[in-house]
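We have chain A; now place chain B onto it with these hints.
2 protein chains.
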Amino acid sequence: MKSGRPRENVTDDSTGLPHQRISVLRLGHRRERDKRITSHLGLTARAFGADEVILAGEEDESALETWRSVTARFGGEFECRYEAKPLSWLRRFAQDAGDGEPGVIVHLTMYGEPWRDAVSVLERNRPMVVVVGGTKVPGEIFRLATHNISVGNQPHSEVAALGVFLESFVGPLEESDYFAGGEIRVVPSLDRKKVITSDD
Amino acid sequence: MKSGRPRENVTDDSTGLPHQRISVLRLGHRRERDKRITSHLGLTARAFGADEVILAGEEDESALETWRSVTARFGGEFECRYEAKPLSWLRRFAQDAGDGEPGVIVHLTMYGEPWRDAVSVLERNRPMVVVVGGTKVPGEIFRLATHNISVGNQPHSEVAALGVFLESFVGPLEESDYFAGGEIRVVPSLDRKKVITSDD
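As given, the protein sequences belong to chains A and B, one line each in that order. Using my numbering, read the first sequence as starting at 1 and increasing by one per residue. Using my numbering, read the second sequence as starting at 201 and increasing by one per residue.
Hints are computed from structural coordinates only; laboratory data are not their basis. Here a beta-carbon is modelled for each residue, glycine too, at the ideal position from N, C-alpha and C. Take these hints with a grain of salt, some might be off.
[Claimed, not checked] To give a feel for the contact side, a few chain A residues facing chain B, derived at Cβ under 8 Å:
1) PHE74
2) ALA97
3) GLY98
4) LEU122
5) PHE142
6) GLU167
7) VAL170
8) LYS193
[As the list claims (entries may be wrong)] Chain B stretches covered by chain A per the calculated footprint, using a threshold of three residues with CB under 8 Å from any CB of chain A:
9) 218–232
10) 242–248
The shape of chain A in the complex, shown without the other chains (with noise of 0.2 Å):
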């Protein structure tokens, strides 16, 4: 079993490179229709070793609200903010992440291909956004992304789409690492809720 996915600019312990830095990019998000699942969607990336969810779409302060105090109560350093022009700026990542060189995108959809075959061969040496799509994705979204892959080819739900892919390609986290400077930590138990607070 692989161990955590450290977030500092080191050695990740899985891989033997560098940390590579995970984006989750929402796109056409509403803010009435899909609160609780924008919200679902956020904290699943946060949960499963992203570094970030970026929000395109409506703009809604609630969802980054949400966001920001899960990881004040229960740790880490995941990030969020709102993105106005999601395609101009995956255009750019697509060609420039950052440092000049591309990024990788990988588009999560029931069209694409088996994700179990994809997660091998991902590149891992290069800072990824995972594309999210709400009802209607662009057509230039399959184009610009490095991957377009699905997660069974069946209709279910983007929430349980991205659980499954970074579960298969983070790999397990030390969760106590990982998570570290919040308030609350659960503490797993066969038979109740256990839970420690910074107080304790």
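Structure of chain B alone, referenced to chain A:
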């Protein structure tokens, strides 16, 4: 890689055991607030190989209709129904899964034991109910459950938790067999939407 999990009363390829019926019980549904999360949850149950979703909390025909409609269009034999008294039903299932012998109750909770440890020891020869809570889960569920299992001890999403758990426990499905009989079939593609309808 394990191959598909046949639905009929035959031997599962992966285990050599008779087909294990897996139901997902969604507790505490609220029609307005949980509409889309519950919908995604049922679709995730179907896509990752559960046989049935049981809705509890507020009765909601629209959720059942969504699941039935997806099953008609995309195939397979997924079932769904509403249960007015989920705790009574679970208490009975704990004693008698329909054949006079106890069923297995898996409760997904962020407070439980790590899923990676649990999955390998779960019973594969008895009907299983995977219980997924809403906001407030009665304490009795922790005691009724054969296993309280957490998919990470961070707050994220019951949809992601269910997807990761089922993906791990059930394993890969041969989708074209498992979801036979639908009107639509998605063909995995590297770069576009590719769909076959039953008219083709």
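Here's how the hints hold up against the structure:
1. PHE74: holds (6 Å)
2. ALA97: At about 21 Å, which exceeds the 8 Å cut-off, the nearest Cβ of chain B leaves the hint on ALA97 (chain A) violated.
3. GLY98: This hint is violated: GLY98 (chain A) lies away from chain B, its Cβ roughly 26 Å from the closest one there, beyond 8 Å.
4. LEU122: violated (14 Å)
5. PHE142: With Cβ-Cβ at 6 Å, under 8 Å, it holds.
6. GLU167: holds (5 Å)
7. VAL170: At about 11 Å, which exceeds the 8 Å cut-off, the nearest Cβ of chain B leaves the hint on VAL170 (chain A) violated.
8. LYS193: Where the cut-off is 8 Å and the nearest Cβ of chain B is about 5 Å from LYS193 (chain A), the hint holds.
9. 218–232: violated (count 0)
10. 242–248: holds (count 5)
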